[in-house]
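Enquirer: Generate the whole structure from the sequences, applying the supplied hints.
Protein chains: 2
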Amino acid sequence: MSQKLFVSAQEVAEKAGVSRSAVSRTFTSGASVSPKTRQKVLDAAEALGYHVNHLARGLMRNESGIVCLIVSEIGTPYRSALLGALTQQLQNSGKISMLINTDRSDGSVDLALRQAIRYRADASIILSGLPDKSITDLCLKNGQRLVLINRDDDREGPLKINIDDADAAARIATAFVRAGCRKLAFANSQAGTPSLMARERGFVAAARALGLDVVVERFGHTGYESGRAVAQQLLTRKERPDAVFCATDLLACGFMDAARHQFSISVPDQICVAGFDDIEQASWSSYGLTTFAQPVDMIAREAVSWLVAETAQPENHTVRLHADLVWRTSIRGG
Amino acid sequence: MSQKLFVSAQEVAEKAGVSRSAVSRTFTSGASVSPKTRQKVLDAAEALGYHVNHLARGLMRNESGIVCLIVSEIGTPYRSALLGALTQQLQNSGKISMLINTDRSDGSVDLALRQAIRYRADASIILSGLPDKSITDLCLKNGQRLVLINRDDDREGPLKINIDDADAAARIATAFVRAGCRKLAFANSQAGTPSLMARERGFVAAARALGLDVVVERFGHTGYESGRAVAQQLLTRKERPDAVFCATDLLACGFMDAARHQFSISVPDQICVAGFDDIEQASWSSYGLTTFAQPVDMIAREAVSWLVAETAQPENHTVRLHADLVWRTSIRGG
DNA sequence: GCAGCATTTGCACACGCTTGCAAAAAGCGA
DNA sequence: TCGCTTTTTGCAAGCGTGTGCAAATGCTGC
Numbered sequence: 001m002s003q004k005l006f007v008s009a010q011e012v013a014e015k016a017g018v019s020r021s022a023v024s025r026t027f028t029s030g031a032s033v034s035p036k037t038r039q040k041v042l043d044a045a046e047a048l049g050y051h052v053n054h055l056a057r058g059l060m061r062n063e064s065g066i067v068c069l070i071v072s073e074i075g076t077p078y079r080s081a082l083l084g085a086l087t088q089q090l091q092n093s094g095k096i097s098m099l100i101n102t103d104r105s106d107g108s109v110d111l112a113l114r115q116a117i118r119y120r121a122d123a124s125i126i127l128s129g130l131p132d133k134s135i136t137d138l139c140l141k142n143g144q145r146l147v148l149i150n151r152d153d154d155r156e157g158p159l160k161i162n163i164d165d166a167d168a169a170a171r172i173a174t175a176f177v178r179a180g181c182r183k184l185a186f187a188n189s190q191a192g193t194p195s196l197m198a199r200e201r202g203f204v205a206a207a208r209a210l211g212l213d214v215v216v217e218r219f220g221h222t223g224y225e226s227g228r229a230v231a232q233q234l235l236t237r238k239e240r241p242d243a244v245f246c247a248t249d250l251l252a253c254g255f256m257d258a259a260r261h262q263f264s265i266s267v268p269d270q271i272c273v274a275g276f277d278d279i280e281q282a283s284w285s286s287y288g289l290t291t292f293a294q295p296v297d298m299i300a301r302e303a304v305s306w307l308v309a310e311t312a313q314p315e316n317h318t319v320r321l322h323a324d325l326v327w328r329t330s331i332r333g334g
Numbered sequence: 335m336s337q338k339l340f341v342s343a344q345e346v347a348e349k350a351g352v353s354r355s356a357v358s359r360t361f362t363s364g365a366s367v368s369p370k371t372r373q374k375v376l377d378a379a380e381a382l383g384y385h386v387n388h389l390a391r392g393l394m395r396n397e398s399g400i401v402c403l404i405v406s407e408i409g410t411p412y413r414s415a416l417l418g419a420l421t422q423q424l425q426n427s428g429k430i431s432m433l434i435n436t437d438r439s440d441g442s443v444d445l446a447l448r449q450a451i452r453y454r455a456d457a458s459i460i461l462s463g464l465p466d467k468s469i470t471d472l473c474l475k476n477g478q479r480l481v482l483i484n485r486d487d488d489r490e491g492p493l494k495i496n497i498d499d500a501d502a503a504a505r506i507a508t509a510f511v512r513a514g515c516r517k518l519a520f521a522n523s524q525a526g527t528p529s530l531m532a533r534e535r536g537f538v539a540a541a542r543a544l545g546l547d548v549v550v551e552r553f554g555h556t557g558y559e560s561g562r563a564v565a566q567q568l569l570t571r572k573e574r575p576d577a578v579f580c581a582t583d584l585l586a587c588g589f590m591d592a593a594r595h596q597f598s599i600s601v602p603d604q605i606c607v608a609g610f611d612d613i614e615q616a617s618w619s620s621y622g623l624t625t626f627a628q629p630v631d632m633i634a635r636e637a638v639s640w641l642v643a644e645t646a647q648p649e650n651h652t653v654r655l656h657a658d659l660v661w662r663t664s665i666r667g668g
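The listed protein sequences derive, respectively, from chains A and B. Residues in the first sequence are numbered consecutively from 1, following our numbering. Residues in the second sequence are numbered consecutively from 335, following our numbering.
It should be emphasised that the hints constitute simulated quantities derived from the structure, not laboratory data. Some clues are possibly wrong.
[To be verified] Once the Cα atoms are required to be at most 16 Å apart in a straight line, the calculated EDC-like pairs of lysine to aspartate or glutamate come out as: (1) A/Lys-133 to A/Asp-154; (2) A/Lys-133 to A/Asp-164; (3) B/Lys-475 to A/Glu-46; (4) A/Lys-141 to B/Glu-380; (5) A/Lys-133 to A/Asp-167; (6) B/Lys-517 to B/Asp-547.
Expert: Next comes the structure, spelled out in structure tokens:
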């Protein structure tokens, strides 16, 4: 490796004929430098290709500017959309995002948070999985801010951002009934994450309040294939449902495809379908899926504005966001 | 903010009753520590919740462990899949990924690379856009390794990973002809990225070699909506094409949906369609898109193994990877 | 017990930066 | 020009690490 290393503030100082602190102050907003020396420094820096070393700066300031995003299944539409919104917002606020990919194994979120601590991240945002309490306590003790998105957890300290899953589920139940459906079903995965379960419980409860029963079917992970598998189960019952609420859009797409192409069942004429997330594919004309929109931009905005705030935040802060129903063509009427 | 900061090696040393260097050496692989003191240190570290400060370590070692991923349109299926593969591989190699979201504006990749320099990233991987030569030179001069994925550029220094777009385009041309198609079209976006243009040129050239002309239509950005728009153009011509090669799967999905639902044209009976990328949706039964698979895992593996290699790499290294044709149902026969 | 050797340990410096403090410079009114 | 205040500048300490070097310790074989 070329041992000619990065150029340091010292070299810039020499070239500009000023002290090293002058260089430092030039690149520190709010520091006192005369316009003249400032310009000399900037010129020298430009000529030498100098860039402030954020590792060293973070060391001194005890603020790295790094925010750690912890997420699994990045390739998934909803996840990647949220990821994009978050990195965008973070950049706008002068932060930089560190991305950690977790798998399903349970220790992996803990490992990710340890990594965040090692890099002295200012904050961590957790999109998948739920870390052990001992680890989150460690993060908080170290002054690291924590955001949990859609992880229905009641521990103190982190900001919790949740969607009103149960309320949405209730709304879609009445929509189904209004469309003339009577035999409701809920399609879920076996992942059992808080938001998925909240949708399930909310749907079942709302249906019961309307005097209807719900067939619940769960299968595999939360993806297209699972939607097909669930369709296999639901559409071969003696009493076939006439409306199915899928816990995510991916499940819904899989379900619809199986219903139409494998069982030749027409959506929405013979069966109504709804999803959750409003991924891009939901709007594609092969699906036209009626679904709830995750307010990804608002989630990102809430998360970022909370974690860049100067003042210490209230200990137990929860943000509950509303999911708008996007009406398309997978439910009759409307 | 709680001023009780992170715990340092000093404190661990005191608690363990050893010198600070012993702590340092315990966490440095290949350093000489006796098993006894090592255990004392580990116990103390565990008790205190100590984690090596990678900012400081990076400062000393001149190796941060950070790899910068520069990418636009993260929410897109192909991009997010590649992103997932890359972060995964990087983590396996003990690196951590820093994610920078660029927009279309041209300076934004340069800005991203500057950020990479500030954080003293060991390497940067560029998935979107092409930075100014002065910036890449700066990166290289600073000992930062660079990987360009699918950016057909001939500058020296970075590793270039490319797909054999032209060859793939030629293969699909003969597949169309073999399916009995004669009126070929190519659907592209106006993005004009190297790989998109290579596919276009390759397809046109191959068709010409087979004695056929190609209608080329370009519209907007590389997404579903553009596919629909291009369909609008192509399917209202007096002489409607009977085979269309779409530069990406997203374009193909949009095209197919428009053809089927808006123009009531049957795929593949009346028109054959092929795409590129093999995004997940291509395999969904509403599309069954015949397409070329981006070897994302291999791309990631090549990139990561190159940039973690100890020895200096050859100056002008290009990897050309093959895209397998995944045969589904959007082309007759097969 | 002791010479001879290998291993472990502590000291101290370096990495590139920020920042409090005091000295120097600049501005200003008389 | 001179006192005074305000701004700018340089010095030096410190952030938490890694590591070369020399001293100290532990082992082995007599």
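Enquirer: It remains to establish, for every hint, whether it holds in the given structure.
Expert: Status of the hints after comparison with the structure:
1. With a C-alpha separation of about 11 Å, the suggested pairing of A/Lys-133 with A/Asp-154 holds against the 16 Å cut-off.
2. A hinted pair counts as satisfied when its Cα atoms are at most 16 Å apart, and A/Lys-133 with A/Asp-164 does not qualify at roughly 24 Å.
3. Distance hint between B/Lys-475 and A/Glu-46 is fulfilled; the C-alpha atoms sit about 15 Å from each other, no more than 16 Å.
4. The hinted pair formed by A/Lys-141 and B/Glu-380 meets the criterion: a straight-line CA distance of about 15 Å does not exceed 16 Å.
5. Proximity of A/Lys-133 to A/Asp-167 is assessed by CA-CA distance (about 29 Å); at most 16 Å being required, the pair is judged violated.
6. With a CA separation close to 7 Å, the supplied pair B/Lys-517 and B/Asp-547 stays within the 16 Å bound.
Figure legend: structure checked against the earlier numbered hints; hints not met, in rising order: 2 and 5.
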